[in-house]
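Numbered per UniProt numbering, the sequence shown finishes at 789, counting up by one with no gaps.
Just to be clear, a hint being listed does not mean it is correct.
Computed Cβ-Cβ distance ranges for the label pairs, DEER-style [claimed, not checked]:
hint, residue 1, residue 2, range
1, Ile720, Met690, 22 to 30 Å
2, Leu728, Pro485, 53 to 61 Å
3, Pro485, Val240, 53 to 61 Å
4, Arg224, Glu276, 55 to 63 Å
5, Pro156, Val501, 29 to 37 Å
6, Phe381, Gln235, 40 to 48 Å
7, Ser371, Thr702, 55 to 63 Å
8, Pro156, Glu225, 37 to 45 Å
9, Glu149, Leu532, 41 to 49 Å
10, Met366, Asn479, 41 to 49 Å
11, Val501, Glu149, 23 to 31 Å
Just so you know, these hints were derived from the structure itself, not from any lab. Note that the structure is a prediction, hence the values are computed from the model and not measured. Even for Gly, the Cβ is constructed at its ideal location relative to N, Cα and C.
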Amino acid sequence: MLKNYVILAYRNLITNRVTSFINIVGLSIAVACSIAVFLILKNFWTLDNFHANGDRIFMVEYTMEVNKETQVYGNAPAPIAAALAADFPQVKRAVRVQREGVQVVRKENLFDEIISYADTNFFQLFTFPLKYGNPTALTDPNAIILSSEMAEKYFPNQIPIGQPLSIVTGEREHKQFIVQGVAEKFPNNTGFAFDLLTGYHPVHASLKNQDWTSHIYGVFIELREKTDVKSLAGQMGRYVSLYNSKNSENPIKSFIFDNLRDPAPNAYDVNRRPAEANHPITTILFSAIALIMMGLSCFNYVNISLGAATQRLKEIGVRKVMGGTRQQLIAQFMIENLLLCFVALLLALFITAVFLVPLFNDLMVMSISLSFGQNMPLWGFLVGLLAFTAIASGAYPALYVSAFRPIAVLAGKLKFGTKNTFSRALLVAQFVLAFMSVILGVVLTSAGVQWKKLDWGYNPDQTLVLRLTDSTQFTIVRNELARNPSVRTIAGAENHVGESVGRATIHIGDVQENVLQYNVGPDYFDAMGLELASGHFFNSNRTTENAESVIVNESFVQKHHWKVAAVGKSIRVDKKLVTIAGVVKDFKLMGSGAARPVIFFAAEQPMFSYLVARFDPGSGPKVVANLERIWQAKFPNTTASHFYQKDVFDGFDTTFQNLSNGFGYLAGLALLIACLGLYGLAAQHFSRRMKEVGVRKMLGATITQIVLLVNREFLLLLSIAGLLANVLCFLGIKVLLQNTQEFTGSFQPGIGWFLLANTVVFITAAIAVGTQSWKMANVQLSNVLKNND
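With these hints in hand, go ahead and build the complete structure from the sequences.
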């Protein structure tokens, strides 16, 4: 019996080639997208789960009240590690990790990298196998361990053990390390790792201050089995008191623990969290994509299968007359559907491996792969997806068609498909999803376009920035570069907009908050071209006054609702009382242009990490060439690290452009699936009305009248779908923007983008239906009227 069902299923697939092709292609595209989304989400959900004791590794975090809200921070004070290990037997081991930006000197070139300092038991806590070397190398303050990427970058096709590596640290130390280890390539789902790793030793300048006022990158602990984490966290009161006694200006509320493998739901919102955590919006968006695609394909299948049933009514009637039961018919249709879904799954695996995996790896800078060996989650997902697709797309048509009465079928009294409210509802639903996909894709594209056109608040085209490895380089380069007549202003800074930023805790009355902090030289505002809203900038001739003054931006003033002038108001930063000397107009801080409160402090030359030069329009290449000549003459063993300010957000722009392109591709695929289904449904619909059209043509109806007549219903259904989709998208985008305002800023999609998305869908649908209706309207009368079917 089963063999006969399979043979019949194969014959029907071959006989109904167009219907089978549409169903298989639609399902395969949707299934391929679902598989790709599963691989991406699996990568997100399993972050850092490869550590042997990951379920017992916790990050030490603390909570603090800021703006009357409790916020969580991941940069724990350094002494908490030793204190926990000494005072609690439940703590098996504790590891401190500190990081800083450094420059690697290699063959007269400078490379910006991040170095990590870790306690000697780092490799006992974390499962990072070494390809070469020994984990005990961390006991040597002059030893360094490289990631596989860094080893290949600096020592290509070599085993670098014993090789020297020169590094300029953030404290301007020139250090010579010896490579004593190379790590194996980190898994794709690594949220916490390292590039350069050395021991946590006081000889390093950045580690000298290790008291309770010193916060480091992260503190990790490994608990013994069966430890009650909540009970342990409840015993942290003594450390809270100890910390607050040393930091009375910025007291904390509690110390808490967050698991590395299974982080808290709000882990993405933890400030300065040492391990990566994914925002839930990522999971929601990708899951929505997969559901939309699967919904589209299943709706297509159901609609087309119901329409195709008209060609099998006599077969169904004969089988029932010959003794076939409804259960047998259901089994036959479900096996046909299962076979079709299996073929679609095979094609989907090909599409995923050849097209989607490379596409997402490029767009999202990921390393997902479609590997089947010992990958039970993937096998389980594929089997479940096959079962879900087969049941969701085939159950209703099988139940519906198998219920036909044989007498009505064989007598020709059954007028199936003339008025089917369910089919119309499915068509509306699938085009609601198609409209939503295209609208979201277009809106994301519009966001990228709008952000690129945002006013930066200054002209970035005339600013050149040089990274300094030593603050003494500033004076040397400035004196030489100032001789260039095309250079207008030269300034120094410790932090630089778009490149590096600090944070300051300020107190205004009873309100405490964290704001972005930039330490800059007096001429920094002129060098950047920032505009003054009120007050004055720092004065290079008034060092004492500068030390007691700050500059804030308009967002800072607006947040505190100061209706009168902010200039002259006093605020407290940590323990220091300062006066607002000026207010600078808001400027672009991030790629999205989102405005945030900013405070500027005056910095002196010993603090400078950047040289910022403003030049005449059109003279950029000449100024760069001059700068490189100066650098080569004064510092012949290194290479100048510089960039135009206009390029500072290129990383964000590229990432967002890739993301919007990815959504654009998916929206296009969703529209393709919907229109494939519409094409097949239109073909079936028009074939049932062929004689009606023939009669109308014989009675004098024009081609235009016939095309309008047969397309009227489709146009109505598409209009309903478009209306529903636009309302849902408007509300959904509004909620999304409210919850991501920190990144999206003031972005609001214009009505023009909605109109564009709707136009794209309507035109594509019109082409899909129009080709069929035009073909039907031009059919020969003789061929139609002599057909007895």
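Which numbered hints are broken by the structure, listed smallest first?
-> Violated hint: only 4; rest satisfied.
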